[in-house]
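Number of protein chains: 2
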Amino acid sequence: MHTIKELEKLVSEEIDREILRLNNTEPKNLYEPIGYTLSMGGKRLRPVMVLLACNLFTHDITKAIPAALAIEVFHNFTLLHDDIMDKADMRRNRQAVHKKYNENIAILSGDAMSIMAYNYLQKCETQNLGKMIGLFSQTALEVCEGQQFDMDFESRMNVSIPEYLNMIRLKTAVLLACSLKTGALAANASDQMADLLYVFGLDLGIAFQLQDDLLDVFADQEKFGKKIGGDIVSNKKTFLLLKALELSDDPTKKELLDWIAKKEFDVQEKIEAVRSIYTKLNIKEITQMCIEDFYQSAINVWTEIDLANETKAELLLLANMIMNRDH
Amino acid sequence: MHTIKELEKLVSEEIDREILRLNNTEPKNLYEPIGYTLSMGGKRLRPVMVLLACNLFTHDITKAIPAALAIEVFHNFTLLHDDIMDKADMRRNRQAVHKKYNENIAILSGDAMSIMAYNYLQKCETQNLGKMIGLFSQTALEVCEGQQFDMDFESRMNVSIPEYLNMIRLKTAVLLACSLKTGALAANASDQMADLLYVFGLDLGIAFQLQDDLLDVFADQEKFGKKIGGDIVSNKKTFLLLKALELSDDPTKKELLDWIAKKEFDVQEKIEAVRSIYTKLNIKEITQMCIEDFYQSAINVWTEIDLANETKAELLLLANMIMNRDH
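Quick note, the sequences are listed as chains Y and V, same order.
What the first sequence shows, in the working numbering, is residues 432 to 758, in sequence order.
What the second sequence shows, in the working numbering, is residues 432 to 758, in sequence order.
Hints are computed from structural coordinates only; laboratory data are not their basis.
Idealized CB from N, CA, C, for every residue including glycine.
Incorrect hints may have been included.
Computed, partial: chain Y to chain V, Cβ under 7 Å [stated by the list, open to error]:
hint, residue
1, Asn460
2, Leu469
3, Gly472
4, His512
5, Tyr549
6, Gln553
7, Glu576
8, Ile702
Distance ranges between label pairs, derived from CB positions [said to hold, decoys possible]:
hint, chain 1, residue 1, chain 2, residue 2, range
9, V, Glu653, Y, Lys459, 21 to 31 Å
10, V, Ser586, Y, Asn751, 48 to 58 Å
11, Y, Glu700, V, Glu700, 56 to 66 Å
12, Y, Lys667, V, Lys685, 53 to 63 Å
13, Y, Gln526, V, Asn533, 21 to 31 Å
Heads up, simulated DSBU-like pairs for lysine-lysine below, C-alpha to C-alpha not over 35 Å straight-line [to be verified]:
hint, chain 1, residue 1, chain 2, residue 2
14, Y, Lys694, V, Lys459
15, Y, Lys531, V, Lys667
16, Y, Lys674, Y, Lys701
Start from the sequences and build out the full structure, keeping to the hints where you can.
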């Protein structure tokens, strides 16, 4: 088995090669922003998951590299278009594409990326290609559905916890699940194996997003990288906020709703006020318990995967890495 | 053989069924705008071409219906995103999606449409599916490249005629070519047949776009539907303008460039002034000759297609229908 570090290095080299190729392809205004988007880096979690899942069944992980690129390019496409929609000017301390270039270039480059993902995927030489393309299309559409639900929630105050969990399943978890299943399919694993990995990825993905919500409020500012409290400032309907609205008594609920309704406020004051409501209501511990539930559910699936423990150990390491991150 | 009318009716029924399904799918804000986009109609030229090409080789054209839907949905996706980029508020006398809903919904619905196109395509049951998906991805990416070249040309004054022809090949012609080839592949036609139809569609597509440029300046206003002269007003680098810049003597060229540079002008005055320069330079006849060249090239390919004349007659009818339109 390759270690996660080795897979990260391999993914990073492959992406660098692609960026070089893209920077030399015409029209420049279409392909250079794509190279720029891919160069912004990030965790490369999804392509690593593709290769790791492939590696569970075969030593030859090169056959899954096109699929790993496909999913990373698709993921970066969603970030690119999300940044336009959210009017987010910065990503990972660099200008978003629609700021560095312009909005039209950002729309069109994103469109091209979503098509390029299929081009990469088609380079996989396996009898499972049809299944992989079908899974990818279904997943990609679900990610769009998740993004739309997320936008719809902005103007709704009555979002329920199950609705929220369904939204993050679509927006975040299915692509992690798809990454693992795709790697397994590229290695010609059985459908049953591929499906178990999918369910493992789904549970892990929901835990991953809940962890994200939690870090946005309670992370250590020095390690976190971006500004803490962004979700509170923008009234994002996260698990934490929805749970707080559910558990608060009438005066606390009024206080919370007042902060949400305020058009003018001191940012730091709002963050601290909402955080202290969360603390009073034990929201941190409740969220951690919910994360633990999904994580435990993933571990149960992991146990079911019919492979030697030493083979599947790296998968568990990855899960723990995701759960123990501080940014 | 089915007549073009019959194919149009079949396509229209299939699209109506899809619209109904989309209008009942959640999230509403994602799928309803897609149904709205598809309901705006238009010529349905591309799906008709898919079915017509399929019908050249088999009576059972139902097997090409998913591919016909795929290409129509993709085409409408490009119109939807183009309208955002061009800030065009109306399409076919109805509000563009980004006006009727909002820009974020228009971006995301378009993203979903481009993925849905693959979902439709995958429903085709043929051994050629891999080829069809590969062709579709290549074509879709070329359409993006064509759109980027088109946007790049806006800020360039030194666009050459070959550059322009390459741009319209990418932006318009390859999708018509792809439609015919896809229909042939769905019918399990030979690669050689499929390739001939592709080349036929490419020539026809370039003639089609040049015809579009011509109609925008010289159509009969009553039959044309939209306002004549739009390309002149917006200084679009069409074949007509590029040819006029190439052929004009220094004073005429200066007059043309002055009109292009003017920030404030009477719209009707500009249209008439530029049109009279075109008339003086015989641009209408020169464009018609160029259209005729591409049309003739398409007909030569048609002659080469090894099918009975009565079988392939409908293909010729379609070509003539496209060339003799007045809107």
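Here is what the structure says about each hint:
no.	hint	result
1	Asn460	holds (5 Å)
2	Leu469	violated (16 Å)
3	Gly472	violated (23 Å)
4	His512	holds (6 Å)
5	Tyr549	holds (5 Å)
6	Gln553	holds (6 Å)
7	Glu576	holds (6 Å)
8	Ile702	violated (26 Å)
9	V:Glu653 to Y:Lys459: 21 to 31 Å	violated (43 Å)
10	V:Ser586 to Y:Asn751: 48 to 58 Å	holds (52 Å)
11	Y:Glu700 to V:Glu700: 56 to 66 Å	holds (59 Å)
12	Y:Lys667 to V:Lys685: 53 to 63 Å	holds (57 Å)
13	Y:Gln526 to V:Asn533: 21 to 31 Å	holds (24 Å)
14	Y:Lys694 to V:Lys459	holds (29 Å)
15	Y:Lys531 to V:Lys667	holds (26 Å)
16	Y:Lys674 to Y:Lys701	holds (18 Å)
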